[in-house]
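Here are the chains, one letter per residue:
Number of protein chains: 2
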Amino acid sequence: MTNKKEITAGIIIIGNEVLSGRTKDINTSTLAKWLNSIGIEVREVRVIPDIQSTIIFTVNDLRKKFNYIFTTGGIGPTHDDITAESISKAFGIEYGIHKEAYSILEKYYKPGEFNDGRQKMSKMPTKAKLILNPTSGAPGFYVENVFCLPGVPSILQSMIGGLNNILIGGDPILSITVSLRTVESEIAKSITSIQNKNKDVEIGSYPFFKAGKLGVSIVLRSSDKNKLNICNLELLEFIKSKDIKIIETI
Amino acid sequence: MTNKKEITAGIIIIGNEVLSGRTKDINTSTLAKWLNSIGIEVREVRVIPDIQSTIIFTVNDLRKKFNYIFTTGGIGPTHDDITAESISKAFGIEYGIHKEAYSILEKYYKPGEFNDGRQKMSKMPTKAKLILNPTSGAPGFYVENVFCLPGVPSILQSMIGGLNNILIGGDPILSITVSLRTVESEIAKSITSIQNKNKDVEIGSYPFFKAGKLGVSIVLRSSDKNKLNICNLELLEFIKSKDIKIIETI
Numbered sequence: 050m051t052n053k054k055e056i057t058a059g060i061i062i063i064g065n066e067v068l069s070g071r072t073k074d075i076n077t078s079t080l081a082k083w084l085n086s087i088g089i090e091v092r093e094v095r096v097i098p099d100i101q102s103t104i105i106f107t108v109n110d111l112r113k114k115f116n117y118i119f120t121t122g123g124i125g126p127t128h129d130d131i132t133a134e135s136i137s138k139a140f141g142i143e144y145g146i147h148k149e150a151y152s153i154l155e156k157y158y159k160p161g162e163f164n165d166g167r168q169k170m171s172k173m174p175t176k177a178k179l180i181l182n183p184t185s186g187a188p189g190f191y192v193e194n195v196f197c198l199p200g201v202p203s204i205l206q207s208m209i210g211g212l213n214n215i216l217i218g219g220d221p222i223l224s225i226t227v228s229l230r231t232v233e234s235e236i237a238k239s240i241t242s243i244q245n246k247n248k249d250v251e252i253g254s255y256p257f258f259k260a261g262k263l264g265v266s267i268v269l270r271s272s273d274k275n276k277l278n279i280c281n282l283e284l285l286e287f288i289k290s291k292d293i294k295i296i297e298t299i
Numbered sequence: 050m051t052n053k054k055e056i057t058a059g060i061i062i063i064g065n066e067v068l069s070g071r072t073k074d075i076n077t078s079t080l081a082k083w084l085n086s087i088g089i090e091v092r093e094v095r096v097i098p099d100i101q102s103t104i105i106f107t108v109n110d111l112r113k114k115f116n117y118i119f120t121t122g123g124i125g126p127t128h129d130d131i132t133a134e135s136i137s138k139a140f141g142i143e144y145g146i147h148k149e150a151y152s153i154l155e156k157y158y159k160p161g162e163f164n165d166g167r168q169k170m171s172k173m174p175t176k177a178k179l180i181l182n183p184t185s186g187a188p189g190f191y192v193e194n195v196f197c198l199p200g201v202p203s204i205l206q207s208m209i210g211g212l213n214n215i216l217i218g219g220d221p222i223l224s225i226t227v228s229l230r231t232v233e234s235e236i237a238k239s240i241t242s243i244q245n246k247n248k249d250v251e252i253g254s255y256p257f258f259k260a261g262k263l264g265v266s267i268v269l270r271s272s273d274k275n276k277l278n279i280c281n282l283e284l285l286e287f288i289k290s291k292d293i294k295i296i297e298t299i
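Going down the list, the sequences are from chains V and F. Take 50 as the starting number for the first sequence in my numbering and just add one per residue. Take 50 as the starting number for the second sequence in my numbering and just add one per residue.
A hint or two may mislead.
All copies of an identical chain are treated as equivalent in the list; a pair is satisfied when it fits inside any one copy or across any two copies.
[What the hints assert, rightly or not] Computed cross-link-like contacts, DSS-like style, restricted to lysine-lysine with a CA-CA straight-line distance of at most 25 Å:
no., residue 1, residue 2
1, Lys172, Lys54
2, Lys159, Lys291
3, Lys259, Lys178
4, Lys294, Lys138
5, Lys114, Lys138
6, Lys82, Lys276
7, Lys246, Lys114
8, Lys176, Lys73
9, Lys238, Lys276
10, Lys259, Lys274
11, Lys54, Lys114
12, Lys259, Lys73
13, Lys259, Lys113
Source of the hints: derived by calculation from the structure; they are not laboratory data.
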C-alpha cells in the first residue's frame, strides 16, 4: 500500500510432511518477520509436495511475480530431497557437484565420514552461490532471485542472517498492535471508518481467546511512521471514547 | 501414488496476519490430519493476503485442480473480512443476506445485540449451504466444492466434524512413523533402495533435534495396508541389521 519502494517475496514450503499435517510450518513466520525487518513484504506462501514437476512449475511461476523467492526443505541427503535438482531444471542450468560446497563439506566431516549421502548435499546448480550454514555444515544456495534453505527450523534460523547484506529491501514495515477486551462486532463499524480515513495504513482485526476470555488484536501496518502514528492516535481516541480496556500494546 | 480412488484437496489460508509472520498457521495441520482420516489428500496450500482479486484468482485456480477446496479466515464482522464477498464474485453468484444464516444469528444473540457487525456475518453467497458453528454461532458456508471456514483455530476445529457426512473421501491414508537415533546421511542409501522396491508407499525422511540429540523420523504412507506393512518390515530389517536404535514407533 504505502511502500514507496515496494519489495516483495514469495515463500515455497517444499514438504509432504506439512501437507500431511504431521509438521506445523513455522519457517514462514521466521522468514516473514525477518523479511519485514529488512523491508521485504511476503505476498504469498505455497506449500507443495516433493514432486519435481510441481517444484519446477511453482518456482517458475512465482519467481516472475515477486522480487525474491525463498524455498524451504528438500536439500538434505535422502531420496526425497529433490529441491536442488528441481531448481536446476527450473532454470535450465547444470546440476552437479558444486566445488565450493564439496570443499566445505569435506572439511566439515572427519576423514572417512564424508560418505555418499553427505556428498549428495554438495550437488546443486553448479553455478549457484552458497548460503553458509553455521549449524550443520551443509550450505543452502541461491540462483538469481531464488534462495534455497533447509526445512529444519533451527538450521534455517541460523542461516538467514548471512543474507542481510545480499538482499536489497525497501522501507521496513512498521507495526503497532493494540489488544482489546472486546469483540469484533462491537468495534467493526468504527474500525472501518478509521481504515477509510487512513488508506496508507493496513488495519487488521484478529479475534482471540486467551485464558478463557475473548479479545481482539488490532494491527496497524505501514512503512510510513507518521501515517502509522496518526492512525494509532485515531484508534486510541476511539478506544477511550468507548471505554474499551486495552490489554496490551506492542 | 497407491490410492485407487484418489480424492484431493487444496487449502487457501486467507490472512495478512500469517504473511506478516505474526500468526503461525495451525489450521493446515488440523485440516490435513482430519482430511487424511477420511481419505482426502491435501496437495497444495496457499497463504494469500486479504485482497479481493487475489482471493478470486486463487479460488478459481485451485477449485478446478482439486476435488475440494477449504478456505480459512476472513468471514468475521470487520472490514478486512472479505472472503464471503470474494467467493460470490469467484462463482459469479449473488452476494447478500443469507436467510438461514440471518435466522441462526438472530436467535444466537440477545435482543438488541444483533448489531450491524453481526448482521454482516449473515452476508455471503445467497445460495450457499451453511456449515454450522457450535462454538460461536456464525456459520461457515460452501458453494460447490469450496468450503469456507473461520480462521480462529478452536472455532474451525469445532466445525469440521459437521462435514464428515458431506465430503466423499477415498481410501484413508495410513501411516507408520519410526523415529531413529541416527542421521540422514547414514541411512540415505538404504532408504532409497527400500523406496525403489516399494513404489506404492511414500517414504519421507525428516531429521530432528530433540533434547539436544539428533534423530531421523522415517514416515511411511500408503492407502494400501498390506503394502505399507511389507515396506515397514523391510525397514525394520534394515534397522536391525545396522543396529540402529528405535526411539519411537507411531
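For each hint, the structure was consulted:
no.	hint	verdict
1	Lys172 x Lys54	neither (36 Å within a copy, 37 Å between copies)
2	Lys159 x Lys291	between (67 Å within a copy, 21 Å between copies)
3	Lys259 x Lys178	neither (45 Å within a copy, 31 Å between copies)
4	Lys294 x Lys138	neither (56 Å within a copy, 38 Å between copies)
5	Lys114 x Lys138	both (19 Å within a copy, 24 Å between copies)
6	Lys82 x Lys276	within (21 Å within a copy, 43 Å between copies)
7	Lys246 x Lys114	neither (30 Å within a copy, 40 Å between copies)
8	Lys176 x Lys73	neither (33 Å within a copy, 35 Å between copies)
9	Lys238 x Lys276	within (21 Å within a copy, 57 Å between copies)
10	Lys259 x Lys274	neither (30 Å within a copy, 42 Å between copies)
11	Lys54 x Lys114	within (16 Å within a copy, 35 Å between copies)
12	Lys259 x Lys73	both (21 Å within a copy, 16 Å between copies)
13	Lys259 x Lys113	neither (41 Å within a copy, 38 Å between copies)
Going down the numbered hints, you'll see the structure goes against 1, 3, 4, 7, 8, 10 and 13, while the others check out.
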